[in-house]
Amino acid sequence: MADTHKNMELKNGNRKAVYGLNVPLVQEYIGFEMETISPTCIAGRFVVSEKSAQSFGVLHGGVSAFLAESLGSLGAYMASGFQRIAGVEVSTSHLRPAPVGTEIEAKATPVHIGRRLHVWEVKLILAKHSHNDLPKQESSETSESGLISVSKFTAIILPSNPTAKNQDAKRIPSKL
1 MADTHKNMEL KNGNRKAVYG LNVPLVQEYI GFEMETISPT CIAGRFVVSE KSAQSFGVLH
61 GGVSAFLAES LGSLGAYMAS GFQRIAGVEV STSHLRPAPV GTEIEAKATP VHIGRRLHVW
121 EVKLILAKHS HNDLPKQESS ETSESGLISV SKFTAIILPS NPTAKNQDAK RIPSKL
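FYI, in full-length UniProt numbering the residues of the sequence shown are 1 to 176.
I should point out that these hints are in silico values taken from the structure, not numbers from a laboratory. Heads up, a few of these hints could be off.
[Claimed, not checked] Pairwise CB distance ranges, derived in the manner of DEER restraints:
no.: 1; residue 1: A86; residue 2: S49; range: 28 to 34 Å
no.: 2; residue 1: G62; residue 2: V111; range: 19 to 25 Å
no.: 3; residue 1: F56; residue 2: G114; range: 22 to 28 Å
[To be verified] With a cut-off of at most 30 Å between alpha-carbon atoms, the simulated BS3-like pairs for lysine-lysine come out as follows:
no.: 4; residue 1: K51; residue 2: K152
no.: 5; residue 1: K51; residue 2: K107
no.: 6; residue 1: K152; residue 2: K123
no.: 7; residue 1: K51; residue 2: K128
no.: 8; residue 1: K128; residue 2: K152
no.: 9; residue 1: K107; residue 2: K123
no.: 10; residue 1: K107; residue 2: K128
no.: 11; residue 1: K123; residue 2: K51
no.: 12; residue 1: K107; residue 2: K152
Fair warning: this is a prediction, and the values are worked out from it, not measured in the lab. Every residue gets a Cβ at the ideal spot worked out from N, C-alpha and C, and that includes glycine.
Using the sequences provided together with the hints, build the complete structure.
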C-alpha cells in the first residue's frame, strides 16, 4: 500500500499529522520509536528504563496498557480513513516480566475493522537479541516465544455532521 501524505508525516515525526496538536507524547518520554505506521500494522520498539519500570525493576503493567491503547488508537484512526475515534475498551494480560534494560518490540494489528467498531491486538515481545539476556522461564507449548503481554483494544468511530460547512463544525462532541 502506498504511503499517504499523513502517513509520511507521521513517519517523519510530525505529531500534528495525527491529532492536529503539537503536544509531548508519553511514547517519547519512555523512548518509544515508531518503525511501521500503516492502516494494517503499527509497530515500534523501546528499551525498558527506570521511566517505564515499576519499583521492582520490571516493565510497569500500565505502560503495556498505555502502549496498547496508543498503538491501537493510531491504527484505528488510520484504518478508518482518519476519522475521529474513541477507545471504549482495553484489556491486557501480562505474561512475563521485562527487566530494566530489556528491548521490547510492540506490534498492533487489526482483528476486526468494521464500519463503527475496530478491534486491535497489541503484542509486546522481547526483541530478538534480548532473548538470551533473560532467565529461562517455563512456558506452555502454545505460548509465543518472548511474549511479554497481549492486549485487546476496541475503538468506536465517532459520527460527524455531514451537513456542516467546515471540518471543525462537522465534529460532534462525544458523550462517552
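Hints versus structure:
The given range of 28 to 34 Å is respected by A86 and S49, whose C-beta atoms sit roughly 30 Å from each other. A beta carbon spacing of about 23 Å between G62 and V111 agrees with the range 19 to 25 Å that was offered as a hint. Checked against the hint of 22 to 28 Å, the pair F56 and G114 fails, with Cβ atoms roughly 40 Å apart. Taking the CA atoms of K51 and K152, the gap is about 24 Å. The hint holds against a cut of 30 Å.
A threshold of 30 Å between alpha carbons decides the hint, and for K51 with K107 the separation of about 21 Å falls inside it, so the pair holds. Proposed proximity of K152 and K123 is supported: the alpha carbons are some 9 Å apart, at most 30 Å. For the proposed pair K51 and K128, the alpha carbon gap of about 22 Å is at most 30 Å, so the pair holds. Distance check on the hinted pair: K128 and K152 sit about 23 Å apart at the alpha-carbon level, within 30 Å; holds.
Among the hinted pairs, K107 with K123 is consistent with the structure: their alpha-carbon atoms are about 5 Å apart, no more than 30 Å. For the hint pairing K107 with K128, the CA-to-CA distance comes to about 14 Å; that is within 30 Å, so the pair holds. For a cut-off of 30 Å, the pair hint linking K123 to K51 stands: about 20 Å separates their Cα positions. Proximity of K107 to K152 is assessed by CA-CA distance (about 12 Å); at most 30 Å being required, the pair is judged to hold.
Going down the numbered hints, you'll see the structure goes against just number 3.
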